[in-house]
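So the sequence lines, in the order shown, correspond to chains A and B. The numbering used here puts the first sequence at residues 1 to 216. The numbering used here puts the second sequence at residues 1 to 216.
Check each hint, because a few of them may be wrong.
The list treats identical chains as interchangeable, and a pair is accepted whether it falls inside one copy or across any two copies.
Claimed, not checked - Below 20 Å or equal to it, Euclidean Cα-Cα: the simulated DMTMM-like pairs (lysine to aspartate or glutamate) are: (1) Lys24 to Glu58; (2) Lys174 to Glu49; (3) Lys174 to Glu75; (4) Lys181 to Asp146; (5) Lys24 to Asp105; (6) Lys135 to Asp16; (7) Lys181 to Asp160; (8) Lys135 to Glu28; (9) Lys135 to Glu60; (10) Lys53 to Glu102.
No lab work stands behind these hints, which were simulated from the structure alone.
There are 2 protein chains.
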Amino acid sequence: MSERIAVVEEIMGANDRLAAQNKKRLDEAGLFAINIMASPGAGKTSLIERTVKELAGEYEIAVVDGDVATGIDAERAARAGARAVQINTGGECHLDAVMIQEALDQIDFKTTDLIIIENVGNLICPAGFKLGAHKNVLIASIPEGDDKPYKYPSMYRGVDALVINKIDLRPYVKFDMDYFKHGVETLNPGVLTFPVSCQTGEGLLAWYTWLRTVLG
Amino acid sequence: MSERIAVVEEIMGANDRLAAQNKKRLDEAGLFAINIMASPGAGKTSLIERTVKELAGEYEIAVVDGDVATGIDAERAARAGARAVQINTGGECHLDAVMIQEALDQIDFKTTDLIIIENVGNLICPAGFKLGAHKNVLIASIPEGDDKPYKYPSMYRGVDALVINKIDLRPYVKFDMDYFKHGVETLNPGVLTFPVSCQTGEGLLAWYTWLRTVLG
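Chain A with its partners taken away, still in its complex shape (with noise of 0.2 Å):
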């Protein structure tokens, strides 16, 4: 048993140190990037498809896709104005750094300001694994319902940012608002949150102005 912890330890030593290198390689070539991370159906893609459209003109943006099978999100990024790359995991259900490594080889540093990868739709494994992003946001999701934070504590306790998305379904589904909240603070203490519908378009001022100040 102690043998296999020790190569669970050394696999993820090892995701770790390409970690740091992607991150040192975006910052050699003053890149930014931000690992978008949810549910499925959270609204990851829609988020993006917001934000490629609010930013282009600004700055010019690839988007990294990671999706177990089909190329549905990377195309609906495309269709954004992003450059898209995909990432078929085959199966796995999450990026690793070595995904990201691979996925840099294909963007044009020189002529890319903002990468954001969109992680597999998954509250569990993406959590573990670092790939070098700058930002680290979860999409939460009003309909998913409030006690998210408590049943998935890894992913909540280690994000930059905070995007609670749909916040136009809140009339018609319960949500306790506060008991969220206290749970997200007990795990992520002074966390950034945005409440935003990406339907609508509403709150979604305060993630542009945010995604702005960081990107400097």
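Given the coordinates of chain A, work out where chain B should sit on it, guided by the hints.
For chain B alone, coordinates are given in the frame of chain A:
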């Protein structure tokens, strides 16, 4: 690389053999087990609460709850009237046959008719691990979006029934039912489908009727 693949296959083979043992053990005791899978927040616990309340008095039900952390779901199942067994996976993103074997040890086979297994909220990994259940059920959720069969094909391919939850939210979200159903049909032709709302109760009668039929 080939050695690594061989090891993975051996793990899956061992899991499948243990799943077959779990099923044999259930069959010999005359128990029926259902494995419920879905993304986080699609409504696994809500469907189980409704089902336990509906079938109480007809069947003795035990609920096995798989979760990364906390006993929130097991407590909800217990309040609804089931005996509940909590499996904290400690970070694992799916249940496997070993965890179910250990959970079965906690259940009184003589006084139980039906075991409902609530898998970990995840649309990827649970598809790869047989547990020994008689029926595998997937819950889709309207606000997750209509592209999920295309993006998570393994999960849709392997199930015996598909519950489409939160149909009460259809007026408020974009969801092309024809596109969704085309994806489902391609992967799993003729699969039983139950459009329901666990909030309003709409559509649940057909689900209960099916359960009573398979339970005999």
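At most 20 Å between C-alpha atoms: does Lys135 with Glu28 qualify within a copy, between copies, both, or neither?
Close inside one copy (17 Å), not across copies (53 Å); limit 20 Å.
For this session: With 20 Å as the alpha-carbon cut-off, assign the pair Lys174 and Glu49 to within, between, both or neither.
Result: Between. Shortest inter-copy distance 16 Å satisfies the 20 Å Cα cut-off; intra-copy 28 Å does not.
Quiz prompt | Alpha-carbon proximity between Lys181 and Asp146, which holds within one copy, between copies, both or neither at 20 Å | solution = within (8 Å within a copy, 29 Å between copies)
Margin query: Within a copy, between copies, both or neither: which one fits Lys135 and Asp16 at a CA-CA cutoff of 20 Å?
Written below: within (15 Å within a copy, 40 Å between copies)
First find the shortest C-alpha distance between Lys24 and Glu58 inside one copy, then the shortest across copies, and answer within, between, both or neither for a cut-off of 20 Å.
-> Neither: 24 Å inside a copy, 63 Å across copies.
- Item | Intra- versus inter-subunit Cα pairing at 20 Å for Lys24 with Asp105 | within (14 Å within a copy, 51 Å between copies)
**Asked** When no copy is specified for Lys181 and Asp160, does a C-alpha distance of 20 Å or less occur within a copy, between copies, both, or neither?
**Response** Cα proximity of Lys181 and Asp160: one copy only (15 Å, versus 37 Å across).
- prompt: Given a CA cutoff of 20 Å, do Lys135 and Glu60 count as a within-copy pair, a between-copy pair, both, or neither?
  reply: This pair counts as within: shortest intra-copy Cα distance 18 Å, inter-copy 49 Å.
Next item on the list: If the cutoff is 20 Å on CA atoms, where do Lys174 and Glu75 land: within, between, both or neither? Let me know, please.
Entry: between (33 Å within a copy, 18 Å between copies)
Treating 20 Å as the Cα threshold, decide for Lys53 and Glu102: within, between, both or neither.
neither (26 Å within a copy, 51 Å between copies)
Of the hints listed earlier, those the structure fails to meet are numbers 1, 10, in rising order.
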